[in-house]
Amino acid sequence: MEKIASRRFGQDNSHLLASYLKDNGYAAARKALTGMTPAQIIDEVKKSNLRGLGGAGFPTGMKWSFIPAANPKPKYLVINADEGEPGTFKDKYILEQDPHALLEGIIITCYAIGSHKAYIYIRGEYIKSLQRMQAAIDEAYKEKYLGKGVMGSGFDIDVVVHPGGGAYICGEETALLESLEGKKGFPRLKPPFPAIVGLFNCPTVINNVETIACVGPIINKGAEWYAKLGSEKNGGNRLFCISGHVNKPGVYELPNGTTLRELIYTHAGGIPNGRQLKAVIPGGISAPLLTPDQIDVKMDFDSLKAIGSMAGSGGIIVMDDTTDMVWAAMVAARFFAHESCGQCSPCREGSGWVYRNVKKIYHGHGKPHDLNNLPGIVNNIGGNTICAFGDAVTMSVGSYVSKFRHEFEAKITKEPAHA
Amino acid sequence: MPNLTIDGKQIEVPAGTTIIQAADKLGINIPRYCYHPALPVSGNCRICMVEVEKMPKMQIACYTPVTDGMVVHTQSPKVLEVRKTVLEFLLVNHPVDCPVCDQAGECKLQDYYMEHGQYDSRLADVKVKKEKKAFSIGPTVMLDQERCILCTRCVRFADTITKTSEFGVFSRGDHSQLDVYPGKKLDNNYSGNVVDICPVGALTDSDFRFKCRVWYLSATKSVCPGCSQGCNITVEWDKSRPHQHKKARVMRLKPRLNPDVNDYWMCDKGRYDYHFIDENRILHPQLNDDLINWEAAANTVAQSIKSLKDAGQSSRIAVLASAQLTNEDLFMVRKLFKETLSGAHVALAPSVPGKGDDFLLKSDWNPNTAGVVNILQPQTDAAQIVQKAKQGEIDVLYVLGADLVKVLGKDAVRQMAGKVKLFVYQGSNINETCSYAHLNLPASVYAEKEGTFTNMHKRVQKINAAFMPVVEAKPDWEIIGLISAKLGAALPYTQAQQIFKDIAAAVPAFSEMTYEKIGDQGMVLKS
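One line per chain: the protein sequences are A and B, in this order.
Using numbering that gives the first Met the number 0, you'd call the opening residue of the first sequence number 0 and step up by one each time.
Using numbering that gives the first Met the number 0, you'd call the opening residue of the second sequence number 0 and step up by one each time.
Just chain B, same shape as in the assembly:
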């Protein structure tokens, strides 16, 4: 393996490694526009040029393979000078419209100008004007040609990752323009990613545009709940300006690097399906038409359950738990309904089958079906429970996080609601099932709680609370805990992490896991 020196630091890397990759490993940051680790090298922006001893010309770090004994300088006067000159060229025809540009704050032209530029402008001429400014090129992405630095990251993304080839660079020289091919739209399942990889304000997100300056955003590491792939994401949110956007807190989702799951990408379904977090939420416990407090709500459930349990009729209790619940939530459901109340029917709630593709998006649009299988271990299925409920064999029907109307239709749900004595719906958002339930309990969304999901590849990954639950909502596990306590079977948990410890003790596949070990990138179940 070649051994090289960069800025006086030695490193040994596999043959074929490029200088920029070796520098990244050493934590030496070489500026880059066109280079992206997941895309083929283009070598056009020229800002990553470094000095290599014994080579007459400066070399682009993104393309030059390391050799044994190579000595690289990334901070020499020549390198610093060339960075300035490349920035100067990139900005010659750039509008510098930062005050109205949505990229401001996360723009590599701004960042590198501050880090490596800081020259006085020498431009005394008129700039080349490009054709399209703020132009929609598809349902989710806007193009601004004059801000584009023609790094071709988006072109290469569409050519090699989605293989849809919507983008091209048209014309020549400083009249070159990025655009989609005539008659084409940027409309594939992964369109939004081009906004992430665009280093400047050329490609912006129609959903996020002008909603929030990026420096207001806080970011919380999480996992996309949109399907069973479990793409790693950051939830980007802002609570400082509640007067904006109807108090919405989440401004956007961004993919978070995980080479084992989603690399740098996420699908558009996952990316744009976050508005439910701040819209149409169940805010208070509600018994029929009355808003009640948690105490009364927990008592209502506990009393119904207790009378059945005392009468030896636990089998008249049925639970439909959605695969949107975390492992911790599911463990609590198991504790209460399978262990405290042996004999209750517990099944995975039915859900509408989704549409997947051959990349990241899977057809199971639930993040934790594997968790249901591993932790809840249901012995019956939803169809049987529905059947029983319709036939009047169930007195308490407890539904967690699943809109039954969507799957079963109104009639079936109305019929069940008429037969059971207590129909509890515990969930985050108002849906049609709520209107048939007798008791509605407000649950947190994934961005409001701690916990873990197990994806379809048996990887357990952590979600984190970005902010407090809305109004009276509580994490599902906490609600189950409240009810449990009322039944005299208090479960001693105040944090999801404590529940996870017990999962590790109780479920062999989890036996070696802790939150610390799962970390930001997840951990695969023991088989």
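Next up, chain A with everything else stripped away, as it sits in the complex:
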């Protein structure tokens, strides 16, 4: 199988410019800058069925086409490298092992949307990613792949790396913009969407690292090639991150149509010590749990949505039959309570309430009413907030309770009978 985003992973010095150039690096950028119009590039990306690989799966070409060309304000490209979704660690590999692939994608994207400045917002804890990315940018400036008149084209591109401050919510694209502007990371009300009013009130495209790293190969080999690799409306491959109870955890690049069963049992080597699968999170901690009877699902955006979960960030967390699902729910709830930005009242107060409730049940202090109230409280958060974080609390924690209610019930202390 042909690999795209991970094609150079594991090579010696893959992060250096010399190595990248040896592998035909920056040829796609040269092709785009010298032989294509911005409209042709956007068209090509549209035809490739490239979708946002950060988790939302929005068609990338369409997103770019929303940038109003007539708007006299500067346009910005922002790369979302605030990879914070638990279970997800794919962007880290690109940033550390193939930073020039991202830079090449940035050059092509900037040219396509008419932007002269790109920001890469990297999760603050990713020290090595920050260092490798900055080193690659420095190399690229030196060799005129960035800066004034990129690659002799007369098109200027500056790239700035910005380390995040440690909040999960800053991976939400509008909170990321606020953070980048120096403010507290609170998601913005939408509309207007960033394509119209984004960074510093200017039209802005925000894309995930992996998405932009795929742009170079698409320009090089053509949209049809890329589209064909994936399923019907979902071109290319995906980097899947598998962790938890599997023999070979790691990042795997596979076609979008791969089933979850293949991923777990063929690629990740199955579950250790002959134990049985109990549950699996298919797309980062925000995605609802799947049970063993659901793992024949294809891992593309639409198929997972159809069975009530989501492809999300591609972070697969496998849990075997030794897992205490109340404990797992508590860990998820604790994460949400810790990371809720605190802007909207349902999510701010609800996420903590849900966590304390689950924690109480886990520790054996839960009463029947605690369990009976839990689904209602969880459901009141989703759909009632500014950003999708609230929905994630509802979908994620809700799925543990609905699918493993018997485990919760087993921990409930029965009311003492009246004497």
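Keep in mind that the hints were calculated from the coordinates and are not lab data.
Don't take every hint at face value.
Under 7 Å between C-beta atoms, here's a sample of chain A residues computed to sit facing chain B [said to hold, decoys possible]:
1) 64
2) 68
3) 336
4) 339
5) 340
6) 341
7) 342
8) 343
9) 344
10) 345
11) 349
12) 351
13) 352
14) 355
15) 383
With a Cα cut of at most 16 Å, we get these calculated EDC-like pairs of lysine to aspartate or glutamate [unchecked claim]:
16) B/220 with B/519
17) B/56 with A/390
18) A/220 with A/1
19) A/366 with B/124
20) A/183 with B/178
21) B/253 with B/272
22) A/183 with B/158
23) B/473 with B/294
24) A/182 with B/158
25) B/132 with B/145
26) B/253 with B/294
27) A/30 with A/42
28) A/358 with B/124
Derived CB-CB ranges, DEER-like [unchecked claim]:
29) B/52 with A/305: 19 to 29 Å
30) B/180 with A/372: 32 to 42 Å
31) A/371 with B/52: 26 to 36 Å
32) B/52 with A/401: 51 to 61 Å
Here a beta-carbon is modelled for each residue, glycine too, at the ideal position from N, C-alpha and C.
Knowing the structure of chain A, use the given hints to seat chain B on it.
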């Protein structure tokens, strides 16, 4: 213009109007915490969510713009349910310490719980404890973090209205806390407004705290007498508990909405400068050391004036009228001293120049300087009168509402008092000028009388009597009327409104005005 339907009622509104604004126009009340019409939309409280047909999710009414043909439901089962759930979330970590909370009675958590909540508590856990309870964040405002619902109205007020940015929300999730930035204090000219816009008991007023439960308060519409801006206010008072607070009647002042004058706001100087209403008042007419009755007082003034008038010496009478007087008071002064006694000197009393800012507070700390110009139309100035008095050219000096000592100093006032035969001070409060005056006459404060002020933008606005004048005090116009009657020139007024009718007839700029037309929001003079 888009035409939409809310709860079956149709309305046409300008493009860009939000659902909550359209609903307000229809008189349909959608609950709100974070939304405030004068502040940027934040959309965080989520209690204003409504159902919009053809939209999959419920929408926040404060942010969603109306579209043509939109159909909105604010009373559907889903909407009523979501209000309950939002209230439940807001109260999960709220201390519910209503019995000791000063906001009780005007708290939107209480009000909306009664209107939209009324659920049984499902909370069986410990609440999140916040750091600061009853903590002073500046000279006038106290903060209670655990009562705060983080609606950020105060944050946005300080960011956009005063542009002083004292407030921030610190930390994250249900540990978020409202506070002022480290090293900052909430100390600007408009601090008190954050108490007004705080929908709960998080920000309370140090001046008002624990003085009076709000349900004891009565409210009277008035105009702030603190400067020439004439901010619309309500005087909030309580007469039912005279054993409290040394019989003080006024408990607080609140701004009253007037988009043409002060919007929702008022300055701290105006807000907190009301204690004079119930403190240090002149209670009885007093001639030198003797308390006398009004009859004797009026006679004393009338006799002095009459003998000068009869001798053709009206020019030995001088009046200094303060711009604290109402248009009605000033008209009476004009009637008596400019028309009945032609030749008397009448001037605007001098006052200490104040400090203004570039928002509401003006440097002229008198509410009615424009009224003096329009109605009294003085032909001389105070300096000339002072000069004449010092030189012994004045026999009767009649000062209304101005503390001359503050402006001219003790020596000048003592000198004048020594030269004139009768020095009358008519005013509401005891000050140093009183001690030099021969005759002190107790006048009402603005909260004890009817009348109008004309602000610096020529807007005539009405003040109303909240309660009766203290002890023997009378409105200034009534005192002038008493004296006038003793001079045989009775002025036929028993109400300020009658005087205003005559002002409208006599002063062209007022010609189209009546109290009814002035209403609660005022009316601008004809130019």
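Against the structure, the hints:
1. 64: 24 Å, violated
2. 68: With a closest approach of 25 Å, the residue 68 of chain A hint is violated.
3. 336: 6 Å, holds
4. 339: Constraint on residue 339 of chain A satisfied, holds at 4 Å.
5. 340: 6 Å, holds
6. 341: Since the shortest Cβ distance to chain B is 4 Å, the answer is holds.
7. 342: 5 Å, holds
8. 343: At about 5 Å, which falls below the 7 Å cut-off, the nearest Cβ of chain B leaves the hint on residue 343 of chain A intact, so it holds.
9. 344: This interface hint holds because 5 Å falls under the 7 Å limit.
10. 345: With a closest approach of 5 Å, the residue 345 of chain A hint holds.
11. 349: Holds, about 5 Å.
12. 351: Interface hint status for residue 351 of chain A: holds (4 Å vs cutoff 7 Å).
13. 352: 5 Å, holds
14. 355: 5 Å, holds
15. 383: 5 Å, holds
16. B/220 with B/519: At roughly 8 Å apart (the allowed maximum being 16 Å), residue 519 of chain B and residue 220 of chain B satisfy the hint.
17. B/56 with A/390: At roughly 12 Å apart (the allowed maximum being 16 Å), residue 390 of chain A and residue 56 of chain B satisfy the hint.
18. A/220 with A/1: 12 Å, holds
19. A/366 with B/124: 11 Å, holds
20. A/183 with B/178: This hinted pair holds, its Cα atoms lying about 15 Å apart.
21. B/253 with B/272: Roughly 12 Å separates the two Cα atoms, so the pair holds.
22. A/183 with B/158: 14 Å, holds
23. B/473 with B/294: It holds: about 13 Å lies between the C-alpha atoms, which stays within 16 Å.
24. A/182 with B/158: Given pair residue 182 of chain A, residue 158 of chain B holds - Cα atoms ~13 Å apart, limit 16 Å.
25. B/132 with B/145: Holds, at roughly 7 Å.
26. B/253 with B/294: 38 Å, violated
27. A/30 with A/42: Holds: residue 30 of chain A and residue 42 of chain A sit about 15 Å apart, inside 16 Å.
28. A/358 with B/124: 11 Å, holds
29. B/52 with A/305: 19 to 29 Å: For residue 52 of chain B and residue 305 of chain A the Cβ distance comes to about 27 Å; the hint holds.
30. B/180 with A/372: 32 to 42 Å: 38 Å, holds
31. A/371 with B/52: 26 to 36 Å: 33 Å, holds
32. B/52 with A/401: 51 to 61 Å: Since residue 52 of chain B and residue 401 of chain A have Cβ atoms about 30 Å apart, the given range 51 to 61 Å is violated.
Consistency with the previously given hints fails for numbers 1, 2, 26 and 32, ordered from lowest to highest.
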